Amino acid sequence: MEIFLQQILNGLVLGSVYALVALGYTMVYGIIGLINFAHGEVVMVGAMITISMLTMFSAMGIQLPGVVVLLMAMMISVPACMILAYFMEKVAYRPLRKAQKLAPLITAIGISIILQNLAMMIWGRGFKSFPSVIDVEPIDFMGATVTNLQIAIMIVAVLMMLGLWFLVERTKLGKAMRATAVNQEVAGLMGISINHIISMTFVIGAGLGAIAGVMRAANYGQADAYMGAILGLKAFSAAVLGGIGNIFGAMAGGILLGVIESLAAGYIGDLTGGFLGSHYQDIFAFIVLILVLVFRPSGLLGERVAERA
Amino acid sequence: MSNILEVKDLKVSYGAIQAIKGITFHIKQGEMVALIGANGAGKTTTLKTLAGMLKPVGGEIVYMGKPLSSIKNYDLVREGLALVPEGRGIFGRLTVTENLEMGAYSRTDSKANIQADIDRMFEIFPRLKERAFQLAGTMSGGEQQMLAISRALMSKPKLLLLDEPSMGLAPIIVQKIFETIREVAKDGVTLLLVEQNAKLALQTCQRAYVMDGGKITLEGDAKELLHDEAVQKAYLGE
Numbered sequence: 001m002e003i004f005l006q007q008i009l010n011g012l013v014l015g016s017v018y019a020l021v022a023l024g025y026t027m028v029y030g031i032i033g034l035i036n037f038a039h040g041e042v043v044m045v046g047a048m049i050t051i052s053m054l055t056m057f058s059a060m061g062i063q064l065p066g067v068v069v070l071l072m073a074m075m076i077s078v079p080a081c082m083i084l085a086y087f088m089e090k091v092a093y094r095p096l097r098k099a100q101k102l103a104p105l106i107t108a109i110g111i112s113i114i115l116q117n118l119a120m121m122i123w124g125r126g127f128k129s130f131p132s133v134i135d136v137e138p139i140d141f142m143g144a145t146v147t148n149l150q151i152a153i154m155i156v157a158v159l160m161m162l163g164l165w166f167l168v169e170r171t172k173l174g175k176a177m178r179a180t181a182v183n184q185e186v187a188g189l190m191g192i193s194i195n196h197i198i199s200m201t202f203v204i205g206a207g208l209g210a211i212a213g214v215m216r217a218a219n220y221g222q223a224d225a226y227m228g229a230i231l232g233l234k235a236f237s238a239a240v241l242g243g244i245g246n247i248f249g250a251m252a253g254g255i256l257l258g259v260i261e262s263l264a265a266g267y268i269g270d271l272t273g274g275f276l277g278s279h280y281q282d283i284f285a286f287i288v289l290i291l292v293l294v295f296r297p298s299g300l301l302g303e304r305v306a307e308r309a
Numbered sequence: 001m002s003n004i005l006e007v008k009d010l011k012v013s014y015g016a017i018q019a020i021k022g023i024t025f026h027i028k029q030g031e032m033v034a035l036i037g038a039n040g041a042g043k044t045t046t047l048k049t050l051a052g053m054l055k056p057v058g059g060e061i062v063y064m065g066k067p068l069s070s071i072k073n074y075d076l077v078r079e080g081l082a083l084v085p086e087g088r089g090i091f092g093r094l095t096v097t098e099n100l101e102m103g104a105y106s107r108t109d110s111k112a113n114i115q116a117d118i119d120r121m122f123e124i125f126p127r128l129k130e131r132a133f134q135l136a137g138t139m140s141g142g143e144q145q146m147l148a149i150s151r152a153l154m155s156k157p158k159l160l161l162l163d164e165p166s167m168g169l170a171p172i173i174v175q176k177i178f179e180t181i182r183e184v185a186k187d188g189v190t191l192l193l194v195e196q197n198a199k200l201a202l203q204t205c206q207r208a209y210v211m212d213g214g215k216i217t218l219e220g221d222a223k224e225l226l227h228d229e230a231v232q233k234a235y236l237g238e
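First to last, the protein sequences are chains W and G.
The numbering of the first sequence is our numbering, which starts it at 1 and goes up by one.
The numbering of the second sequence is our numbering, which starts it at 1 and goes up by one.
What the hints contain is simulated information worked out from the structure, not anything from laboratory work.
Take the hints with a grain of salt, since some may be wrong.
Label pairs and their calculated CB-CB ranges [as the list claims (entries may be wrong)]:
1. Gly137(G) to Leu71(W): 41 to 47 Å
2. Phe133(G) to Ile83(W): 34 to 40 Å
3. Gly59(G) to Ile83(W): 27 to 33 Å
A short list of chain G residues far from chain W (calculated; beta carbon distances all over 10 Å) [stated by the list, open to error]:
4. Ala51
5. Ser106
6. Arg151
7. Ser155
8. Asp212
9. Leu218
The structure presented is a predicted model; accordingly, all values stated were derived computationally and were not measured.
All C-beta atoms in this analysis are idealised placements derived from N, C-alpha and C, irrespective of residue type, glycine included.
Throw the hints in and build the complete structure from the sequences for me.
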């Protein structure tokens with residue numbers, strides 16, 4: 001029972017990160033029908049810049065509480081990722097907006113490779129450890145262990161999701177985003193600048209992704225140039241699981257995928273008699289992806305995917 | 001009265017196919033003008049071009065003394081030019097109220113003013129008020145058309161382009177919608193109405209242009225056209 005609870009908790013932490021990254025995929029898809037495969041790299045860049053900033057701050061001898069230092073680092077890394085996403089859309093996707101769907105998909109993969117290699121040139125090929133600015137303290141929760149950092153990750157993720165919900169449902173920008181997702185031509189007739197809305201979608205998605213990247217790196221204590229690829233693919237699976245294009249689907253899909261993966265990792269050894277170890281946990285995201293695509297291609301909360309894709 | 005819109009020798013193409021083959025017409029401030037013609041005559045193409053959705057290959061459009069091409073697409077509505085598109089084009093996954101808010105997207109006046117206008121639309125179409133928080137996509141065709149017109153009015157247009165407002169609607173709904181259109185015109189909004197239902201259009205408007213094969217073949221006073229033999233034969237089925 002303790003293992004079960006422990007894995008659920010781990011899954012929620014993992015899932016929070018997936019959900020935030022998945023939102024970036026799903027928002028962009030919802031508006032321009034593009035799978036932005038470079039989104040995972042934006043997440044990685046967010047983590048890497050944060051690590052660089054933290055290292056720099058400690059070299060400068062800044063003596064402030066860990067949380068403040070981390071926030072300072074993120075005030076640089078998160079906007080940096082937003083700017084990166086803004087230019088990515090402008091350079092790689094906007095010129096191809098009227099091209100057939102395959103063309104921007106290929107530039108997305110191209111951008112992803114470029115960013116990965118740039119990251120390797122800047123930060124090297126190996127792992128960068130996340131400076132321990134925050135004292136991680138384990139907290140006992142009904143026999144399971146959860147750290148203060150993990151609790152913070154879950155709280156921040158929930159706050160970000162509530163914030164996004166408010167933005168999309170209640171603000172003028174959010175309503176314009178939804179209107180643009182329904183019908184770009186008519187949204188233009190309302191005086192909505194489609195280019196502006198699409199830019200904002202990329203920028204918001206990148207902001208959430210960068211925060212998720214920091215969470216992931218802080219939780220694992222390290223990051224590397226490849227982390228965006230696998231994290232991106234899993235978050236993409238989560239977005240498909242929830243119903244791509246649907247914001248609440250991405251949130252639900254992310255959390256669910258994290259829990260599924262975590263539970264599977266906890267029990268796979270027992271289930272296969274030790275044949276497969278917990279390091280096989282990565283396959284579950286993709287098993288889930290395949291099952292969803294076979295049995296419910298529109299995802300849990302999705303609608304009309306077939307019509308759009 | 002001055003012309004709010006002047007179109008000179010307008011040509012529009014879809015790739016190699018020329019849909020509008022050089023048309024010239026004008027609309028005076030405060031007028032109601034009908035554009036009638038058979039399917040494929042180029043009526044919708046004309047409206048889409050006026051609303052900036054299509055780029056002409058030739059000719060000139062002058063809106064309120066300015067070349068239309070000098071105004072950015074998304075600024076047109078700010079300049080008072082609104083289109084109620086064919087097939088209504090409501091935002092199905094937004095609520096009725098949100099659709100109306102989107103109509104006011106370009107407005108910079110206060111929220112209270114916008115809310116007052118939303119209430120005014122609800123007064124004109126009480127049916128929309130009942131459905132204020134319902135997703136627009138779940139409404140009937142007639143209700144969607146009411147919403148599409150209300151949404152366009154929310155932008156406080158000076159020139160309202162209407163593309164087939166009667167299409168696919170029950171006569172009683174059409175009546176209500178045309179009643180509203182006349183009211184709108186009385187308030188000083190200039191109207192360009194594209195209609196399949198030529199009789200209704202000619203009865204509603206003051207002047208009309210008849211299009212055929214991408215050209216304007218007839219023009220004149222609406223009442224006269226209504227009794228014109230050629231028009232009656234071709235479009236009124238009499």
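Going through the hints against the structure:
no.	hint	in the structure
1	Gly137(G) to Leu71(W): 41 to 47 Å	holds, 42 Å
2	Phe133(G) to Ile83(W): 34 to 40 Å	holds, 38 Å
3	Gly59(G) to Ile83(W): 27 to 33 Å	violated, 42 Å
4	Ala51	violated, 6 Å
5	Ser106	violated, 3 Å
6	Arg151	violated, 8 Å
7	Ser155	violated, 7 Å
8	Asp212	holds, 26 Å
9	Leu218	holds, 29 Å
Of the numbered hints stated above, those contradicted by the structure are hints 3, 4, 5, 6 and 7, listed in ascending order.
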